[in-house]
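Peer 1: Chains as they are written, first to last, in full-length UniProt numbering: chain A, 1 to 371; chain B, 1 to 371; chain C, 1 to 399; chain D, 1 to 399.
Check the hints yourself; a few may be wrong.
What the hints assert, rightly or not - With a straight-line cut-off of 27 angstroms between C-alpha atoms, the simulated DSSO-like cross-links for lysine-lysine are:
| no. | chain 1 | residue 1 | chain 2 | residue 2 |
| --- | --- | --- | --- | --- |
| 1 | B | 366 | C | 282 |
| 2 | B | 254 | D | 238 |
| 3 | D | 305 | A | 18 |
| 4 | A | 366 | D | 11 |
| 5 | C | 266 | B | 366 |
| 6 | D | 266 | D | 305 |
| 7 | A | 254 | C | 11 |
| 8 | A | 366 | D | 305 |
| 9 | C | 193 | B | 366 |
| 10 | C | 150 | C | 111 |
| 11 | D | 150 | B | 254 |
| 12 | D | 302 | D | 232 |
| 13 | C | 52 | C | 111 |
| 14 | B | 18 | C | 74 |
| 15 | A | 366 | D | 282 |
| 16 | A | 254 | C | 232 |
| 17 | D | 141 | D | 111 |
| 18 | A | 366 | D | 238 |
| 19 | C | 282 | C | 266 |
| 20 | D | 232 | B | 254 |
| 21 | B | 366 | C | 74 |
Hint data in this document are derived by calculation from the structure and do not stem from the laboratory.
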Amino acid sequence: MDFDFTDDQEHLRDAVRKWVDKGYSFERRRDIVKAGGFLREAYTELAQLGLAGLYIPEAHDGLGMGPVEGMVVMEELGRGIVLEPLVQTLIAGGVLSGYAPEAVKAAWLPRIASGEALVVLAHQERAARYQLDACAAQATQAGAGWTLSATKSIVPVGDQADAFIVPATVAGKLALFLVERSAAGVSTRGYGTQDGGRAAEVTLKEAPASLITLDGLSALEHAVDIGIAATCAEGVGVMDKTMAITAEYLNTRKQFGVFIGSFQALRHRIADMKMQLELARSMSYYAALKLNAPTEERRRALARAKYQLGVSMRFVGQQAVQLHGGIGVTDEYIVSHYFKRLTQMEMTFGDTLHHLGEVSQRMQDKAGVFA
Amino acid sequence: MDFDFTDDQEHLRDAVRKWVDKGYSFERRRDIVKAGGFLREAYTELAQLGLAGLYIPEAHDGLGMGPVEGMVVMEELGRGIVLEPLVQTLIAGGVLSGYAPEAVKAAWLPRIASGEALVVLAHQERAARYQLDACAAQATQAGAGWTLSATKSIVPVGDQADAFIVPATVAGKLALFLVERSAAGVSTRGYGTQDGGRAAEVTLKEAPASLITLDGLSALEHAVDIGIAATCAEGVGVMDKTMAITAEYLNTRKQFGVFIGSFQALRHRIADMKMQLELARSMSYYAALKLNAPTEERRRALARAKYQLGVSMRFVGQQAVQLHGGIGVTDEYIVSHYFKRLTQMEMTFGDTLHHLGEVSQRMQDKAGVFA
Amino acid sequence: MDLAFTPEEQKFREDVRNWVHANLPPDISQKVHNALRLSRDDMQRWAKILGKKGWLGWGWPTQFGGPGWNAVQKHLFEEECALAGAPRVVPFGPVMVAPVIMAFGNAEQQKRFLPGIASGEVWWSQGYSEPGSGSDLASVKTRAERQGDKYIVNGQKTWTTLGQYGEWIFCLVRTSTEGKPQTGISFLLIDMKSPGVTVRPIVLLDGEAEVNEVWFDNVEVPAENLIGEENKGWTYAKHLLSHERTNIADVNRAKRELERLKRIAKAEGVYDDTRFRDEIAKLEVDVVALEMMVLRVLSAEKSGKNSLDVAGLLKIRGSEIQQRYSELMMLAAGPYSLPLIHEAMEAGWQGDQALGGLWPGGAAHCAPLASTYFNLRKTTIYGGSNEVQRNIVAQTVLG
Amino acid sequence: MDLAFTPEEQKFREDVRNWVHANLPPDISQKVHNALRLSRDDMQRWAKILGKKGWLGWGWPTQFGGPGWNAVQKHLFEEECALAGAPRVVPFGPVMVAPVIMAFGNAEQQKRFLPGIASGEVWWSQGYSEPGSGSDLASVKTRAERQGDKYIVNGQKTWTTLGQYGEWIFCLVRTSTEGKPQTGISFLLIDMKSPGVTVRPIVLLDGEAEVNEVWFDNVEVPAENLIGEENKGWTYAKHLLSHERTNIADVNRAKRELERLKRIAKAEGVYDDTRFRDEIAKLEVDVVALEMMVLRVLSAEKSGKNSLDVAGLLKIRGSEIQQRYSELMMLAAGPYSLPLIHEAMEAGWQGDQALGGLWPGGAAHCAPLASTYFNLRKTTIYGGSNEVQRNIVAQTVLG
């Protein structure tokens, strides 16, 4: 039992933090939002730091690191509310490494690690909500390969990614495929998202696809759990910075002749926010440390973590705006962007009520971290 | 649309308040608790004020009054956390007047109105929780009459009441009966309850019974709704006094050299308590004014009211203790008794989660008071 | 005590309902019912329709051309408008400045300004808040110096709702720095077309520009535009605030939006999910309780008995409910509330033709949900933040 | 970073577990697992068993006869005891006064007092709170006047937990009224059998007498019972408070009680009710998050890196969780938690024979639920109320 970070992990954190502070100013971010919500150049910078290869084995030119390093990185990106979706790259690295045939690995992993290829998960369907096993997309075997027909929504940077990881049914069972955006039958329609980022509707009409695995539900659940752990860490980073911004504001802003940070009711609110932050941080650790556990244990833990994060992110985001007062609801001031990011993250990979259901369903007689 | 009380209603309120203030001091109440939780003499005093006949028609020697008068009275009794269960008498008066055959009415209503007979509802069964249609008790026709076999729990002053209103099944359908405590086959075991009051387990073994109605579920639901409305009003009274006690404490008690009522965090807590009190008062009005509405509308409204009261009573009770600090958890100081009363009332006639379920199930497309 | 409205009140409600249904343009109510973007024209069209009927100043006494309704009638009128999907009347003219002009303005001012307000011809804005003032409204810094028969105004107002459309603005200005901050404030009406007035929209977190900054740079204002006496403006402003009562709770809109929430939950397939449905059920109780509280206040106003001091509670609860229904609507749509498609917030948007209209998932009702949620975060901040309201409520309990 | 305990730690846990299972009397653990009433004898029996093993002072360094465990080992020991259903060790001797005697007492005092504490022979009480002091502990009024080689103590302490059993009491007493309130306080050990000491139980809202008032009426205390220097008692008391860390969260008990809650919910038929089950699920997450927070603190203590200042958060959350599980247990039983049957809180109670044991409904587990709920309202009040804790937490964020 040990929650200290190694020196290597601390160096990794420093490197990412430095890039965020120096390379991803709020002004640059604002320009990226204006330009559509994604900047490939910024993504390439992340890849140059090695982050795109974090979950890719060294044999495939990655760093071969694990969930704790993923947590460290995502926390720092969260602090800067970085739009470029590294969480997707962690998912792609993890899922392809874990489930894809060797040929697919060899073809894609090195390119993902270098940043040359951006691969994202395209699983959301209109009727599915947060249920991973609800899937109308169909796959058909065509000679040695496969074709897919599907309509997937809210696919992160879907109109600029190079390939998609797509769940589709084969004989009633979920399988996972890789589809290139440039393939025949693929069309996309991109748009900005509420947090300033970018997503797209992706339509596949008999698009050629490579099979990743026929055990698609296991792989998809794993993919989403990687996403949850990363989102938890990112959420901690976003909240940590949100708290800092808010605390500074309370200690700067005067009303009725005194700093508003001297009002006890606001101080107690800050204490409640700090509580939510530290509970969330604790559960982010938990998510990272359970990400490689056996399936049932992993799913239970990740649901618990995302539930806590959902509660925390909503509270911290809303209260940060409230404590700022009027300036908190302006586009100009930074805190509203942190709030919007927190809001969007709550609805990513299952919202709070969804994960409450998961926790409730997966409950056991035993209690606690190790149960 | 008019929420003013008539002069008669105000006089009624004054009369009850005067009795509570002068006739039901905290010391007298403490003696009653010590002596077992019920004092017939005090109940008789209530009856002498006419309160036992509130819901009994004038033709049967009652006052023939309605839910608003019931609300006024229960609120005042709540203020004094009066242990003697007038709510049971309102139920008995309402149900017998509304559902019993003339002979039963003639035999019992005048005696109830005078206070000579105390009749209580005995419906709780071990497996039923708050479901009114779950009933293991059996009724058997025996000549012109009936006999009942049943085990009923937590019957208010069950070992001292004169008769019980008992639901039991006849050919799989719920019917309602009246059973005298002195009848053959009736045994009771009384005990104190958490709020200082009294209840009993009541066992019937082929006890002779008078039929009130074969439409027992309707009558029982009505009985419980009368109970809910009365409990809502009583809860408002208890909370109102709890708030007053707490406010006085905050304005008297000093810590760190100042009145603790000057701390903003505590002031905001008081504001939140006031909110809950006024929401509860509003819903108590609503309950009273919907008590004579058609069944479905009545049931929906009463569930909404009891849900709100449950939320409010829990919050106000807990916070009152919290704001008092150490003295709030002592038996000696009065506020803990108000807290315990509020706690018990939440679990009477369906708790908060139960009524949430009722509200949820009975929800319609339309919204608001008149929907 | 009676929950039902009197036959006269019911008749009144019916008359209002019939008139609103006959006169509210369907293209406008369609936007309101779906939280789509309302243009200046939409708002003013409805204001002028009301004005023509004599109902834009629905709270006005007959002596100034209003209908002279009592508290219950006003409420019924507001409720029928809200439920029918009428846009909220921009309150700065008919609800806010008009009562001040009636109470404290001179006959000349009443004759000059009230008709334009009553008809909906003139768009008024409010100039109270200043940068940094927040809930401390008495900290007015905008100066008005008397020079002959004019005031020269310099300073800045902010959070001026819909000020981009404003033609006139009523302002609290500082005419004296002596004594307590409250004593040196005056109430001035300013023509926004005057030289030196600059309006800059503030983009809010939902990307819309609902509020503005307004600068005054040596703006000349005729002294005849001063309401009442110099340095007594704070008294007038407080009088105005005391006029905001039950409408602060906005319970009529909450009822309409709760019904919309149920429609959205059904369309998104979560209405029959126990967990989600329970959240709606809780909100339902919240709305009923708020409505009962509003009705209690109205009854007390009508009869003059048992007056209730619950304005703070109404503000707190009303704003919390607004935030909650918008939150639940957004959560009902979940991921489908995440696309930010500005054009989808215009009426008549048909989806993305390139994708055969399938966008996102073909459900246009999703488009405004997150924006509305973001936008309504303001409700617990403006009009005296809920923290300030809690101070006020505590004062009523503890002294 | 690793969630798993090291093999050494796991071995340690196993050894403790085996020993506890072999030595904890089943009649005692049976009471603990069912929240039945514990007698003085129950508590002391267990204390002496621990004492004999050398584990009653489980936090003590080896030089004073303790096991010299690190933070993680202490936690594992506490967890195994809690999960096995051991009574909580009454902390006033081994956890509270002993560290002060070790740090600030002289060799004579250490020799005289520590053995009786370590063995569990001597029952210690705490004399900090006074009537009216509340969270303001420095407002000590109990006076100790030096007369030759004695102190004469006059005054009153209150909220003295289990003081009715106490043999010795450590007190904060006022030895000077000069300077700040904190500077005139001394730390004095008092034999409770001394003439002039009176103990009066305070009945709490659950009807039990868990705490006491203790009066001192010209009580003579040998000056050799003064710990450290006169007027420096506040420093020692603060030192002691800084020793209360993770145990303040009581997460081990919370785990045990959460499991009990699940058993009760099953027995009462609400475990499979979505609404009730969800409430348990939320609590489950709360407990896991609290446990993770505790483990983070332990890890930091073990390695000395990244020390965490979250004691206030642990207190707040731990107490809220205690209140919540007791609330849910009570709500699970619902009406059946309402009978107040004092005899049913004794082990071995067989129900009411007159009714064939059917009482209430035959479920003995219902009897203590409401009382426990009432009793645990204290947890957000004592040990520095949660409001005071929030002040402290805010201080760490805002300064």
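Peer 1: Looking at the structure, which of the earlier hints fail to hold?
Peer 2: Hint check: 6, 7, 8, 9, 11, 12, 14, 17 and 18 fail, others pass.
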